[in-house]
Amino acid sequence: MDAIFLQFLNGLDKGGAYALIALGLTLVFGTLGVVNFAHGALFMLGAFCAVTLRKILTMQKVVLDEENLTAWGTPTEIRTTYVETWFGDFGTQLVNYSVPLAILLAIPVMLVVGVVMERGLIKHFYRRPHAEQILVTFGLAIVLQEIIKHYFGANPIPQPMPSNLAGAADIGVMMGMDPNIIVYPWWRLVYFAFSVIVIGAVFAFLQFTTFGMVVRAGMADRETVGLIGIDIDKRFTAMFGLAAVVAGVAGVMYTPLLPPDYHLGMDFLVLTFVVVVVGGMGSLPGAVLAGFMLGILQSFASMTEIKAIIPGIDQIIIYLVAVIILLVRPRGLLGRKGVMES
Amino acid sequence: MTERKDGPSRRRVLKGAAAGLVTAGVAPTIITSAYAQEYRNKPTGDSVTLGFNVPQTGSYADEGADELRAFELAVEHLNGEGDGGMLNTMQPSSLTGNGILGKKVAYVTGDTQTKSDAARASAKRMIEKDGALMISGGSSSGVAIAVQGLCQEMGTIFMAGLTHSNDTTGKDKRRYGFRHFFNAYMSGAALGPVLGEEYGTDRRAYHLTADYTWGWTQEESMKNATEALGWETVETVKTPVGAGDFSQYITPVLNSGADVLILNHYGRDMVNSLTQAVQFGLRDRQANGKDFQIVVPLFSRLMAQGAGDNIKGILGSTNWNWSLQDAGSQAFVKSFGAKYGFPPSMAAHTCYVQTLLYADACERAGSFYPPDVIRALEGHKFDGMGNGATEYRAEDHQCFKDVLVVRGSENPTSQFDLLNVVKQVPRSQVEYDASIFGGELGPYEVSM
Numbered sequence: 001m002d003a004i005f006l007q008f009l010n011g012l013d014k015g016g017a018y019a020l021i022a023l024g025l026t027l028v029f030g031t032l033g034v035v036n037f038a039h040g041a042l043f044m045l046g047a048f049c050a051v052t053l054r055k056i057l058t059m060q061k062v063v064l065d066e067e068n069l070t071a072w073g074t075p076t077e078i079r080t081t082y083v084e085t086w087f088g089d090f091g092t093q094l095v096n097y098s099v100p101l102a103i104l105l106a107i108p109v110m111l112v113v114g115v116v117m118e119r120g121l122i123k124h125f126y127r128r129p130h131a132e133q134i135l136v137t138f139g140l141a142i143v144l145q146e147i148i149k150h151y152f153g154a155n156p157i158p159q160p161m162p163s164n165l166a167g168a169a170d171i172g173v174m175m176g177m178d179p180n181i182i183v184y185p186w187w188r189l190v191y192f193a194f195s196v197i198v199i200g201a202v203f204a205f206l207q208f209t210t211f212g213m214v215v216r217a218g219m220a221d222r223e224t225v226g227l228i229g230i231d232i233d234k235r236f237t238a239m240f241g242l243a244a245v246v247a248g249v250a251g252v253m254y255t256p257l258l259p260p261d262y263h264l265g266m267d268f269l270v271l272t273f274v275v276v277v278v279g280g281m282g283s284l285p286g287a288v289l290a291g292f293m294l295g296i297l298q299s300f301a302s303m304t305e306i307k308a309i310i311p312g313i314d315q316i317i318i319y320l321v322a323v324i325i326l327l328v329r330p331r332g333l334l335g336r337k338g339v340m341e342s
Numbered sequence: 001m002t003e004r005k006d007g008p009s010r011r012r013v014l015k016g017a018a019a020g021l022v023t024a025g026v027a028p029t030i031i032t033s034a035y036a037q038e039y040r041n042k043p044t045g046d047s048v049t050l051g052f053n054v055p056q057t058g059s060y061a062d063e064g065a066d067e068l069r070a071f072e073l074a075v076e077h078l079n080g081e082g083d084g085g086m087l088n089t090m091q092p093s094s095l096t097g098n099g100i101l102g103k104k105v106a107y108v109t110g111d112t113q114t115k116s117d118a119a120r121a122s123a124k125r126m127i128e129k130d131g132a133l134m135i136s137g138g139s140s141s142g143v144a145i146a147v148q149g150l151c152q153e154m155g156t157i158f159m160a161g162l163t164h165s166n167d168t169t170g171k172d173k174r175r176y177g178f179r180h181f182f183n184a185y186m187s188g189a190a191l192g193p194v195l196g197e198e199y200g201t202d203r204r205a206y207h208l209t210a211d212y213t214w215g216w217t218q219e220e221s222m223k224n225a226t227e228a229l230g231w232e233t234v235e236t237v238k239t240p241v242g243a244g245d246f247s248q249y250i251t252p253v254l255n256s257g258a259d260v261l262i263l264n265h266y267g268r269d270m271v272n273s274l275t276q277a278v279q280f281g282l283r284d285r286q287a288n289g290k291d292f293q294i295v296v297p298l299f300s301r302l303m304a305q306g307a308g309d310n311i312k313g314i315l316g317s318t319n320w321n322w323s324l325q326d327a328g329s330q331a332f333v334k335s336f337g338a339k340y341g342f343p344p345s346m347a348a349h350t351c352y353v354q355t356l357l358y359a360d361a362c363e364r365a366g367s368f369y370p371p372d373v374i375r376a377l378e379g380h381k382f383d384g385m386g387n388g389a390t391e392y393r394a395e396d397h398q399c400f401k402d403v404l405v406v407r408g409s410e411n412p413t414s415q416f417d418l419l420n421v422v423k424q425v426p427r428s429q430v431e432y433d434a435s436i437f438g439g440e441l442g443p444y445e446v447s448m
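The listed protein sequences derive, respectively, from chains A and B. For the first sequence, position 317 matches number 317 in UniProt numbering, and the numbering has no gaps at all. For the second sequence, position 20 matches number 20 in UniProt numbering, and the numbering has no gaps at all.
In short, the hints are calculated from the structure, not lab data.
Straight-line distance between alpha carbons at most 20 Å, and here's what the computed SDA-like set of lysine to any residue pairs gives: (1) K42(B) x I374(B); (2) K334(B) x E66(A); (3) K149(A) x G244(B); (4) K61(A) x F416(B); (5) K307(A) x F8(A); (6) K339(B) x L64(A); (7) K149(A) x Q113(B); (8) K307(A) x V241(B); (9) K61(A) x P412(B); (10) K339(B) x N68(A); (11) K149(A) x G242(B); (12) K55(A) x D309(B); (13) K149(A) x D111(B); (14) K312(B) x A166(A); (15) K334(B) x W72(A); (16) K312(B) x P162(A); (17) K61(A) x F342(B); (18) K334(B) x D65(A); (19) K334(B) x T74(A); (20) K307(A) x G244(B); (21) K334(B) x E77(A); (22) K223(B) x T304(A); (23) K149(A) x L68(B); (24) K55(A) x G308(B); (25) K334(B) x P75(A); (26) K290(B) x D178(A); (27) K334(B) x E67(A); (28) K307(A) x T233(B); (29) K61(A) x T413(B); (30) K339(B) x T74(A); (31) K307(A) x G242(B); (32) K115(B) x H263(A); (33) K339(B) x W72(A); (34) K307(A) x V237(B); (35) K290(B) x P179(A).
Simulated coverage check for chain B against chain A, where a stretch passes if three residues somewhere in it have a Cβ under 8 Å from a Cβ of chain A: (36) 58 to 64; (37) 251 to 265; (38) 268 to 276; (39) 303 to 313; (40) 333 to 341.
For clarity, every value in this text was computed on a predicted model and none was experimentally measured. Glycine included, C-beta positions come from ideal geometry on N, C-alpha and C.
Produce the entire structure from the sequences given, and follow the hints as far as they go.
Written out as C-alpha cells, the structure reads:
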C-alpha cells in the first residue's frame, strides 16, 4: 500500500512537470496554431536562468597564494564569494535560495525570449504547413541547446535546493503511521504545489480577466474578434510570451530535481507532445489532465510487480496509453472538433 | 666388382634436401615479409597520422574534450615538444621525443557522439580518407566494442579510451583492440573487500542498473563481489539509459528491506540517480538497524562535479586519480595542468597512456606493420605511467594494474578535490583467468 502511495506521489510531481510544459505548448497551439517543437528548449532556458543566477551569486574573488603551489606548479587560488563578503548572512541566504529567486529572473527573461521568438521567427510560419513549423522550431531548439552547451558545457550543473527543503518529509508519520514508511522529498512536494499554483493562475488569468476573455474569444473565432476592432495578434504574441514564462519557471523549479544540462528540453519534448495529443490538441484542461494521468501511469508502470508481469512496460506505457486513447477518442481526452482536422 | 654410379649420390641427396628446406622454410618468409610490408595506411612520407575518436557532441562532450586535450599533449611529447611528461618516467621506453620511428606524429579527430553507428562512421572516415594508422579514444563501452570490431575488419589497431564493460576484453575482444582502462570485474574485486571492511558482511543490497552492456557486466561483477562477502541481493532493477527522473525506481528501494543501494550508472544517469537517491533521504535512513549506504562502483571526477555535495562520503572505484603521488602521475599532472590550468581526468590519463604505449610498441617492433605492433604490445610489461607495474595481458589485451578505491571528498580543498583515494588495491587482487569471459581475439593478419 505504501509503495502504491509513493508511486502516486511520484506520478503527481512528474505529472506536474508534464502538465506545465504541455500547458504552454497548448496555449501556443490554441492561440497561434503553431506546433512549437522549441517549447522544450524554453523549459531548458528557464533552468539555465537558475544556473546563471547562481553563477552570479557565487562569483568569487580569487587571490593567488604564491607560497602554496598546485600539483602542476601554479599558485593555489583562495576563493571568497563576493555576495557573502558584502552581505554576510544575508548573502549566504541569497545563495541558499538561488533557485526560487531565479523565478524573478526567469519571468522577464523568458517573456522577452518568447516575444522575440514569436516576432522574429514563428510569425513567418503562421500560414505554413504544420510540418514546416515543426522543422523550423525543432531547428531552433537545436540552435538554442548548442548555444547553451557552448557557454555552460555538456555536463549537468547541480542546483541545490534551499537547505531547509533539502530533506524528506515523513508523510507516514503525518498520517499516523510508523516513521520511515512513507517519506518523500520536500522539494518534490514543493514542485507539485508550485505546478498546481501556476496552472491555477493561468486558468484564472484566462477565465477572469478581460485580456483572458479576449484571448479565449480569439481562440474560438479569431476572425470575428478581429472584426470588432480588437488587435488579436498582439494578444496572441503576449500569450506566446506567457507560454514561454510558464515553461521557464517550470524549468527553474525543476533544477534541484534534475541537474540541468543543454539536453534537458529534448528529454521532455517528445513526452509532452504525447501529453498534448492525448489531452486533445488545443485543450488546456486536456493538457493538464493528460499530464497528471500519464505521469501517474508511468510511475505505476515502473513498479517491480508490474514489470515482473510485463517486462519493459515502464518504457512504453505512455505511448501504449496514447495509442489506446487515440483509437477510442481520436481527438484526445478533451479535444474539440475541428482542431487540426482541416 | 664395379660400383654403381648411376643412382643418387649422397652429395646430391643432401643438396636436394637443403634446397628443399630452403624453398619450404625461407621462401615463404621472404614472400610473407614482402607481402607484410603492404598494409593499410602504411606511412610513406615523413609523418604518421593517428585518429582520435572522442565524443565531441552529446552528453559526454566534456569528457571527450578532456580526452582530446590528453591526445594533443601526447602528440606534443612524442614530437619532442613540451616537458616530455611520462616519456621521462615510462619504463622500459623506446621513445626519444623524435616522433614514432623518426616520423613526426600528426593526428585527425572524429566525433563519436557516444553513438555506435556515428563512432564507426567517424573511425572509418579517419582510416579510409585521412589515412589514420591507429584509432584511439571514446567514452562508452558500446562505442568501444563497435569501433573495435570495425578496426579488426580493417586491420587498424584500436587503443580504447574509457570503456569499463567486461565485454570489451571479454566476449567481444579483438586482436586489434587493446584496453588500458580497468573493467567492471576489477571494480567489483577491488571494492568488495573495502565494502566488507566499511559496512560489514551482513548487508542487503539493491541494484539500479543502466540497461546496456556496461551496466549488465557492472551489476554482475558487483553482485558476485558482494555476495562473496555474505551480502544478500534483494533486487536488481534495470533502468533505461537517460531516464532523467529516477524517482519511480528509487521509491521501491525505501521499503524493500535493503540497506545498501548500488548505482550501476555512469555519466548523467549517475548524477541524476545519486542526486535523487540522496533527496529521498536514503543517506539519512536506517534500515535493518544499520545506516543506509549508497555505492557508485564507477566514479569519474568530471561526473562527480555534476553530483555536487551528494557525492560526499560515497565509495566507488576509479582507474586513476590526479592526486596519485607516483612519478608518472605527477609528471602527467604537471604537464597537463601547466598546459590547461586544471588536472586531467581518468579518461584523459588512459588516452594519453594508450598513445604512448602504441608509439613505444611501434619503436620496439621497428615497424608500423600492425601484426608486429600487436605482438609488441601483447604481454608487454611496463611501469612509470601511474598505478604501478602494469601488464598488457596477451590472452585478452586487458591491462592489469592496481585499482583505486575512492570516496567522495567530505571536505574538498579545491574544486578539483572531489575524490579521495581510500585504497590502492594491488593488481594481484583484481586479476582473473582470461577464459572466464570467453571471446576470441581473431587473426593477426587480415585482408585489406
